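S.K.: Take 1 as the starting number for the sequence shown in my numbering and just add one per residue.
Among the hints, erroneous ones may be present.
Here are the simulated DSS-like cross-link-like pairs (lysine-lysine), alpha carbons at most 30 Å apart as the crow flies [to be verified]: (1) Lys-137 / Lys-224; (2) Lys-137 / Lys-47; (3) Lys-47 / Lys-224.
Computed beta-carbon distance windows for the label pairs [as the list claims (entries may be wrong)]: (4) Leu-263 / Pro-231: 29 to 37 Å; (5) Val-45 / Leu-220: 19 to 27 Å; (6) Pro-208 / Ala-262: 24 to 32 Å; (7) Leu-240 / Tyr-175: 33 to 41 Å; (8) Gln-205 / Gln-148: 29 to 37 Å; (9) Gly-232 / Pro-177: 34 to 42 Å.
Hints are computed from structural coordinates only; laboratory data are not their basis.
All figures in this text were calculated on a predicted structure; none of them were measured in a lab.
Note that CB positions come from ideal geometry on N, CA and C, so glycine has one too.
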Amino acid sequence: MPAQFPGMNPYLEHPDLWPQVHAQLIGTLARQIEHCLPQRYEVAVRKRIYRVSGEDALVVGQLESEPAANEVAAAYPIHQSQLNGATALSTQITAADAPTPVYVPVPQEVREDYIEVIETETSTAITTLEILTPQRKRFGRGRERYEQHRESILGSAMHFIEIDLLRGWEPLTVYGPEAEGDYRILVSRSQDRPQAALYTWHVEQRIPLFPLPLQQAAPLLNLKQALETLPGDWPIDYSLDPLPPLQGDQADWLTRLLEEQALR
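All chains, full assembly: derive it from the sequences and hints.
M.R.: If you want it as structure tokens, here you go:
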């Protein structure tokens with residue numbers, strides 16, 4: 001039984017789940033948008049493909065298990081042959097000799113979906129909707145590439161929506177009063193720039209409705225409804241903490257919520 005949260009389910013942020021969550025949420029939101037669009041518009045799911053390597057290609061989490069020194073020694077015994085007439089010795093790797101588990105930079109192809117609302121008559125993209133991924137938010141070449149893409153949209157006549165459902169890493173840049181929240185939605189109407197609307201909320205709060213800016217109308221989108229109708233049956237162990245873990249009062253709130261639902 002999936003847990004019921006008032007807003008975002010923080011367990012969906014897990015790096016093993018997020019690629020599926022992202023792809024399915026894009027599709028679910030696209031269908032929601034399609035149902036509320038005036039006839040002069042249509043919705044399209046676009047795909048961005050690029051390559052990353054180094055830290056950009058790593059999944060944020062922990063090694064499932066780090067080998068102990070004696071396990072490494074058993075796997076890698078060292079035999080010293082007879083040298084200068086001495087008796088052959090067989091030695092084992094000591095704790096000081098044990099290697100450290102590391103990652104190496106392996107190039108990786110990244111495929112990410114986003115949504116465009118198009119004016120049917122002119123085939124002009126009116127609005128772009130992005131949902132952030134770890135590659136776009138984590139500092140590195142992936143974020144730099146996305147920031148350039150973001151800047152090009154904000155300098156165009158397109159409206160822009162950016163949804164951030166990841167508590168990890170620094171939020172993308174906006175200017176103005178500091179807005180507290182675990183999650184955020186940025187709505188930028190082209191005619192209002194540089195001003196934009198920023199919706200923020202904490203994990204224990206409900207997700208606000210937000211407008212889909214078009215040329216004339218601005219129907220409201222319901223992100224919470226989209227999350228609740230995702231087709232995935234997620235293999236979540238609610239006895240564990242989410243990644244990243246909640247702290248302090250939020251951790252206590254999560255424990256109470258899951259205990260009330262007999263999930264912890």
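S.K.: All hints, please: hold or fail.
M.R.: The hints, checked one at a time:
no.	hint	verdict
1	Lys-137 / Lys-224	22 Å, holds
2	Lys-137 / Lys-47	18 Å, holds
3	Lys-47 / Lys-224	24 Å, holds
4	Leu-263 / Pro-231: 29 to 37 Å	21 Å, violated
5	Val-45 / Leu-220: 19 to 27 Å	21 Å, holds
6	Pro-208 / Ala-262: 24 to 32 Å	29 Å, holds
7	Leu-240 / Tyr-175: 33 to 41 Å	38 Å, holds
8	Gln-205 / Gln-148: 29 to 37 Å	32 Å, holds
9	Gly-232 / Pro-177: 34 to 42 Å	36 Å, holds
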